[in-house]
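For reference, the chains in residue letters:
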Amino acid sequence: MTALIFLIFAGIAVFCGISLVAQTHPIASALSLIGVMGSLALLYLQLGGEFIAAAQMIVYAGAIMVLFVFVIMLLNAGAEATSRQIPLLNRYLGMLLLAAFLGLISFIIQAMLPKTEGVVFGAFMGGTAAAIGRKLFTVYLLPFEVTSVLILIAILGAIVLARREV
Amino acid sequence: MPTSVPISWYLILSAILFGLGVAGFIYRRNIITVFMSIELMLNAVNLTFITFSYTLKKVDGHIFSFFVMVVAAAEAAVGLAIILTVFKNRETLMIDDISSMKY
Chain A
1 MTALIFLIFA
11 GIAVFCGISL
21 VAQTHPIASA
31 LSLIGVMGSL
41 ALLYLQLGGE
51 FIAAAQMIVY
61 AGAIMVLFVF
71 VIMLLNAGAE
81 ATSRQIPLLN
91 RYLGMLLLAA
101 FLGLISFIIQ
111 AMLPKTEGVV
121 FGAFMGGTAA
131 AIGRKLFTVY
141 LLPFEVTSVL
151 ILIAILGAIV
161 LARREV
Chain B
1 MPTSVPISWY
11 LILSAILFGL
21 GVAGFIYRRN
31 IITVFMSIEL
41 MLNAVNLTFI
51 TFSYTLKKVD
61 GHIFSFFVMV
71 VAAAEAAVGL
81 AIILTVFKNR
91 ETLMIDDISS
101 MKY
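Here the protein sequences come in this chain order: A and B.
Mapping to this note's numbering: the first sequence position 3 is 3, numbers consecutive.
Mapping to this note's numbering: the second sequence position 81 is 81, numbers consecutive.
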């Protein structure tokens, strides 16, 4: 059952990833990216990451993608004009080389990884909000506080950049 | 059909998604789609973190991937503000036309 769910959602993720690269219209790419994020959230849930799965849906698929779609619609971005035509040979050679590279990576991962027992749903359930919160506010307290400064700087930067007279 | 999924399958899926992100980053010409390819790469890295967190039975990988999400949110806010400013000044989103800093 775990393998079946993994195969289904990995297939959806890879299909949506290819669709993101292949589509010419930005809105279609954005919807494909939401598909990737949704299926990845389910895989996180399978790996015992309840909190991260929820955060993935709320922060990524919710907030960030809404921002993307908002900007695409605000700028009225249409389909990509093919201003620079890539030669057909280069395009197919690139796809072939990417596939060969990924095959090589997969072989290396299979060969190098020590033999451990596979993933079964329910074997590790440490990713609850309580466990993550406890770790975040004890061991990782300094990075957490630095992150808040980062967010503040990002807000200020966005405001400065979006002013009228830049 | 095995009942348990090998760890390597998750890592291979992550590698495939990262490769697709790199391909989109190089191949696409629309600046917004290039930006979305970066988000795809960040997601692929998150999957690796969560997978190794499962293997080691520790929660630290989840926290790293949480920080990656926070940085991605900040990056999206600033990056989209930059895109808005570029479009206001140049009236285009194609990265081939925005090359005044190239040489």
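Among the clues, some could well be false.
[Said to hold, decoys possible] Derived CB-CB ranges, DEER-like: (1) Lys102(B) x Phe101(A): 19 to 29 Å; (2) Ala54(A) x Arg90(B): 36 to 46 Å; (3) Ile27(A) x Thr3(B): 31 to 41 Å; (4) Lys88(B) x Ala54(A): 31 to 41 Å; (5) Tyr103(B) x Ala79(A): 44 to 54 Å; (6) Val149(A) x Thr85(B): 16 to 26 Å.
These are calculated hints, taken from the structure and not from any lab test.
Ideal placement from N, C-alpha and C gives every residue a C-beta, glycine not left out.
These are the hints, each one checked on the structure:
{"no.": "1", "hint": "Lys102(B) x Phe101(A): 19 to 29 Å", "verdict": "holds (28 Å)"}
{"no.": "2", "hint": "Ala54(A) x Arg90(B): 36 to 46 Å", "verdict": "holds (39 Å)"}
{"no.": "3", "hint": "Ile27(A) x Thr3(B): 31 to 41 Å", "verdict": "holds (40 Å)"}
{"no.": "4", "hint": "Lys88(B) x Ala54(A): 31 to 41 Å", "verdict": "holds (36 Å)"}
{"no.": "5", "hint": "Tyr103(B) x Ala79(A): 44 to 54 Å", "verdict": "violated (29 Å)"}
{"no.": "6", "hint": "Val149(A) x Thr85(B): 16 to 26 Å", "verdict": "holds (24 Å)"}
Figure legend: structure checked against the earlier numbered hints; the only hint not met is number 5.
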